[in-house]
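Novice: The listed protein sequences derive, respectively, from chains A and B.
Residue numbers for the first sequence, in this note's numbering: 1 to 631.
Residue numbers for the second sequence, in this note's numbering: 1001 to 1631.
Since the hints were made in silico from the structure, they are not lab data.
We put the CB at the ideal spot given by N, CA and C, even for glycine.
Some hints here could point you the wrong way.
Claimed, not checked - Label-pair distances were calculated between CB atoms; the ranges are:
{"no.": "1", "chain 1": "A", "residue 1": "A489", "chain 2": "B", "residue 2": "V1378", "range": "52 to 60 Å"}
{"no.": "2", "chain 1": "A", "residue 1": "A523", "chain 2": "B", "residue 2": "E1473", "range": "15 to 23 Å"}
{"no.": "3", "chain 1": "A", "residue 1": "E293", "chain 2": "B", "residue 2": "V1143", "range": "39 to 47 Å"}
{"no.": "4", "chain 1": "A", "residue 1": "D617", "chain 2": "B", "residue 2": "L1607", "range": "20 to 28 Å"}
{"no.": "5", "chain 1": "A", "residue 1": "T498", "chain 2": "B", "residue 2": "A1074", "range": "53 to 61 Å"}
{"no.": "6", "chain 1": "A", "residue 1": "L427", "chain 2": "B", "residue 2": "K1536", "range": "55 to 63 Å"}
{"no.": "7", "chain 1": "B", "residue 1": "L1607", "chain 2": "A", "residue 2": "A31", "range": "32 to 40 Å"}
{"no.": "8", "chain 1": "A", "residue 1": "A457", "chain 2": "B", "residue 2": "G1295", "range": "42 to 50 Å"}
{"no.": "9", "chain 1": "A", "residue 1": "D569", "chain 2": "B", "residue 2": "Y1111", "range": "57 to 65 Å"}
{"no.": "10", "chain 1": "A", "residue 1": "D617", "chain 2": "B", "residue 2": "A1033", "range": "50 to 58 Å"}
{"no.": "11", "chain 1": "A", "residue 1": "A31", "chain 2": "B", "residue 2": "P1559", "range": "24 to 32 Å"}
{"no.": "12", "chain 1": "B", "residue 1": "Y1111", "chain 2": "A", "residue 2": "A159", "range": "45 to 53 Å"}
{"no.": "13", "chain 1": "A", "residue 1": "Q533", "chain 2": "B", "residue 2": "E1473", "range": "17 to 25 Å"}
Claimed, not checked - Below, simulated SDA-like cross-link-like pairs (lysine to any residue); rule was C-alpha separation at most 20 Å, straight line:
{"no.": "14", "chain 1": "A", "residue 1": "K501", "chain 2": "A", "residue 2": "K536"}
{"no.": "15", "chain 1": "A", "residue 1": "K501", "chain 2": "B", "residue 2": "D1617"}
{"no.": "16", "chain 1": "A", "residue 1": "K501", "chain 2": "B", "residue 2": "D1483"}
{"no.": "17", "chain 1": "B", "residue 1": "K1501", "chain 2": "A", "residue 2": "I472"}
{"no.": "18", "chain 1": "B", "residue 1": "K1515", "chain 2": "A", "residue 2": "K501"}
{"no.": "19", "chain 1": "A", "residue 1": "K501", "chain 2": "B", "residue 2": "D1470"}
Number of protein chains: 2
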Amino acid sequence: MRLSPRRDMSLIDLLFGRALPTWMERAERVAAATGIAIFGLDALSSAAYGPEAALTIMIPLGAASSSYIVPISASIIILLGIVYFSYLQTIAAYPGGGGSYTVSSENLGRYPGLLAAAALMIDYILTVAVGISAGVGALVSAVPSLLPHTLLLCLGILALITLVNLRGIREAGIVFMIPTYVFIFSLLGVLGFGVIKALASGGHPMPVEAPPPPAVHAAAMVSAWLILQAFASGCTAMTGVEAVSNGVRAFGEPTVRTAQRTLTVIIGILVLMLAGIAYLSHAYRITATPPGEKGYQSVLSLIVAAVAGRGVFYYITIGAVLVVLALSANTAFADFPRLCRAVSQDGFLPNGFSIRGRRLVYTQGVYVLAFVAGLLLVVFRGVTDRLIPLYAVGAFLAFTLSQAGMVNHWRKHKEPGAARSMLINGLGAIATGATVIVVLVAKFVEGAWITALLIPALLVMMLAVRRHFDRIEAELQCSHPLDLTGLHAPLVVVPVQTWGKSTEKALRFALTVSKDIEAVHVALENEKSSVEQLWKSFVEAPLTAQGLPVPRLVTLKSPFRHVISPIVDYVLQVAGRNDGRRIAVIVPELVEHHWYHYLLHDNRAELLKALLLLRGDQRIVIITVPWYLRA
Amino acid sequence: MRLSPRRDMSLIDLLFGRALPTWMERAERVAAATGIAIFGLDALSSAAYGPEAALTIMIPLGAASSSYIVPISASIIILLGIVYFSYLQTIAAYPGGGGSYTVSSENLGRYPGLLAAAALMIDYILTVAVGISAGVGALVSAVPSLLPHTLLLCLGILALITLVNLRGIREAGIVFMIPTYVFIFSLLGVLGFGVIKALASGGHPMPVEAPPPPAVHAAAMVSAWLILQAFASGCTAMTGVEAVSNGVRAFGEPTVRTAQRTLTVIIGILVLMLAGIAYLSHAYRITATPPGEKGYQSVLSLIVAAVAGRGVFYYITIGAVLVVLALSANTAFADFPRLCRAVSQDGFLPNGFSIRGRRLVYTQGVYVLAFVAGLLLVVFRGVTDRLIPLYAVGAFLAFTLSQAGMVNHWRKHKEPGAARSMLINGLGAIATGATVIVVLVAKFVEGAWITALLIPALLVMMLAVRRHFDRIEAELQCSHPLDLTGLHAPLVVVPVQTWGKSTEKALRFALTVSKDIEAVHVALENEKSSVEQLWKSFVEAPLTAQGLPVPRLVTLKSPFRHVISPIVDYVLQVAGRNDGRRIAVIVPELVEHHWYHYLLHDNRAELLKALLLLRGDQRIVIITVPWYLRA
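Let the sequences and hints guide you as you build the complete structure.
Specialist: And the structure:
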């Protein structure tokens, strides 16, 4: 079993693609058209669950809910506009990638930066979970018999996306382009067709397929609290718009222009979708159905069926919604590992997150994201509506910190137009900040408390990691040249249980590195062992004949039949007796050719090494002298 | 976390008892009274399932089955007598312990010996499974509502016995003495009382509590095949009688006399029990009930209820049956590890089996036995009747090989009375050998095929293990004195990623063991690293000033971003270039104080060591220079 990069091909290659060298990194850049698919999936697909989340909250209002969706969507679109202009400026100011973490850290300081990072991590994880669960929601709307298998479908899709992402970003872009464009054109087509029909009928079109009447006939009166809750849920429609600004570096030249153009297209399409859905819900009097229960249908499914009927077009559109929603998770898979890498390079996360895998992807981030999102799906049984309350807090907190950071950025960079830019970002910060509070209050009991706990917990964890690394760095720091005092040969201890070739090899190695050698032997039974009998003739005699120093043979008693711990105890004693002297313990180790052969041995060498490392100290060095058995 | 024998007390001590030194071994000896409990439990408790197994086979005969049990039991008692006299001789001839493995190996040769060992191992495992399942069978007879929890009860009892046995044999004897004697006296009491009542009533006593009428009214005609099957099942009543001869060494002085007396008492009691059960089944017309089904009652439960009614005495007797049956597994727990140890000392099983644990018990054997018996219980859902067909083959095969070995023994030792002894053992060999064939044929389809496959499989495995050890021994064998030619200092390779105290320490150690040192550095980004910049001033300058040899700094390129494999590749190259030279690779390693801190690192040191061992060769030595972080 050799692990060289040339030998482990075949299956792994097929699954993950061939390993890529570092110089190929520049080639992994995207153009605007691919960029819309990669960085826009999350934002655009939000249209499929945002309005529905708001309508679901208003189920108790009965038929009236379809009227309230229009003003709620209008406020969300206004908020979206503010955020759009804010991010256009962020992209321009941070062509190297202006994620909330970078912007907040640079302009607001370490703690707000880490707060933004924690918020974003939670946001990305939920993007994956909600995207997949909503996609499966679309699927079970079209094929109701699949409803009982919701969770299994969710986990299967998660596994698929994880695999695709482990292959790397460019191929991911190609995989996702086709369904994204099918989704955009078919959904915009349905919405446009519906709006024309509605306008032609004077605002009261006849649905091709009538939606089911609301299950509850106005069980509640409209209240400001309910509308606030609906708005808070609807804000999830805005998640994902920060993706472009995070990933500016991934765009082709001219980087900033391409990124801005991509963001403009994405936001434009999103606004059209949100407006269209709101108007048609109102015109066709469409209300939400109770999620996770029998008879559930997604709002998009109801709209498409009302506008175009349940024909081929319906299935194409819903198919695209399914694929795009499920794959929207890809935005998070592109960004989460990059974020973790940035945080890890600043020392706030384990090193592993900044190691690129064979395909230039930060593999560990992909694994963590897939694992935690999978956990959320399992806990919430794959039902979107249960995940929504956890969602918007992280996204809007990151928005707020990013905009606030930009305000400080313009304060420092007094370039032309800085005041105007500061105003725009300031407005963005206030609007999104207010939304954070609204969402947190409106959704606290339903699940926002989980996010509200997790974000500070992550923050504390990141600070602890950094503190640990700082301590290690301070301890290992060496600002002086190589110290050449006290370079004496080590005192060598060789455990000798039987006389054999591996023992001979260990002794021979000991003789090449030091003149002070002690052989230790653990006497297990109360009889003289063969080693003790042979020592004089086999070791002492030839060494004396050559005038070489003779190792002392020390026999240790072992009343408890341990072999390892008496040796470790002895080594510690020797270290204690020889103050300031380095002690090198030579451990002869058999190397087998098949792993299962290790089951036949007591693996004392491994145990001895582990125990020496555990109980040893700075002066004790462990030398492994392997003996390779013939195959 | 220190693993010294003085620190890990408390909970482990409480569970397993304090660690015992080797010299206490002699004290762990048993007298005849304790011996009956330890070595007799298996044999005596067989009375509780042997006759029942025969009666269960005869369920289709209806009420008539209770007549046929008398001649079947009579043949089993005769067989038992033959085996008894055979084993008396074995004990005398092998005061050091005359298990089938020892006797067969010494007198018949290696393969028959290993065959006996394999047969015995299977036998012991089944003793545990059957003992426990039959015990639980008694329990659910008395408390029918527990029937659905059969398997759980079985596994719980198995866990308990395992724990008791890990504490060591003498304490086990005390734990088991009380229930054994309660069992013997209460069961013999019931049987005696029943026989008197039956004789007094002219052979047709009135039951206090009438057994349920047989479920099937003579659904089958009696046939030789059915009687043969019943006999084969009934033979399980004889399992366990070899235990005393295996454990002779554990008896107090005079060893042989004590052991023989113990065996005599055990066999005497067993004969009384078998005869009593058979007679009373006939007198009270008791038949078996379908096992594992609702309404199941063990035959012993039916007899006790018929003789004494379901009063306090019933519950005491059944309670003792339960405890003794379940604990009969203890015989196997006393013998299986000893057998494995003997086989392992001959090199046919991994070393681990001959290492005595903290309580002088061969711990690994206990674990293996508990695991496999647990597996059997799970597979057969804890129902005795399903386990019985697997059982008798192993036991009787071991009997046969042991007796046949004794025949050869007497042929070699021509002492007075040898001819008579040979005759007795020959008779035993023929009788038990014939029984093996009967059991194998009668039970093949029901499960004996599993045993018939497992025994040769075990045999092959043991031979493979021995072959492996022989090969290693031949390879390591060194019959010449220490070779002192070619003792040159090694060429030392030191991986240097950054300049720090642990790197300095590694370099300093390198300087103490050799003058030929190469430092290797993996360049990850295409920029000059700080190590390369510092090397001249921090390493070369001070060494040159002192007139010491200067290590060469080698920079390795890594297009695939690997850090470990370029170093390993380089070390292999160096080894290739320096034919016959030893290469020592120094691996600096950080030692953390808490295991979870290792999650924060990429643990490259561990990986490097593992890969060097995997891909290295005889000339490559690994030196771990640890750096202990402050707590």
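Novice: Sort out whether B:D1470 lies within 20 Å of A:K501, counting only the CA atoms.
Specialist: Holds. A:K501 to B:D1470 sits at ~15 Å (cutoff 20 Å).
Novice: Measuring from beta carbon to beta carbon, are A:D617 and B:L1607 in 20 to 28 Å?
Specialist: holds, 24 Å
Novice: For the pair A:L427 and B:K1536, does the Cβ-Cβ distance stay inside 55 to 63 Å?
Specialist: holds, 56 Å
Novice: So does A:A489 sit 52 to 60 Å from B:V1378, Cβ to Cβ?
Specialist: Given range 52 to 60 Å: holds, Cβ gap about 59 Å.
Novice: Falls inside 17 to 25 Å, the C-beta gap from A:Q533 to B:E1473?
Specialist: For A:Q533 and B:E1473 the Cβ distance comes to about 18 Å; the hint holds.
Novice: Is 45 to 53 Å a correct range for the gap between the Cβ atoms of B:Y1111 and A:A159?
Specialist: Holds: the Cβ-Cβ distance is about 52 Å, inside 45 to 53 Å.
Novice: Do the beta carbons of A:T498 and B:A1074 sit within 53 to 61 Å of each other?
Specialist: holds, 57 Å
Novice: For the pair supplied as a hint, A:K501 and A:K536, is the alpha-carbon distance within the 20 Å limit?
Specialist: Holds - the C-alpha atoms of A:K536 and A:K501 are around 17 Å apart, at most 20 Å.
Novice: Are the Cα positions of A:K501 and B:D1617 separated by 20 Å at most?
Specialist: This hinted pair holds, its Cα atoms lying about 15 Å apart.
Novice: Taking only the CA atoms, is the gap from A:K501 to B:D1483 under or equal to 20 Å?
Specialist: Distance ~10 Å between A:K501 and B:D1483 Cα, so the pair holds.
Novice: Does the Cβ distance between A:E293 and B:V1143 fall inside 39 to 47 Å?
Specialist: holds, 44 Å
Novice: In this structure, is the beta-carbon distance linking A:A31 and B:P1559 contained in 24 to 32 Å?
Specialist: holds, 26 Å
When held up to the earlier numbered hints, the structure conflicts with 8, 9, 18 and fits the remainder.
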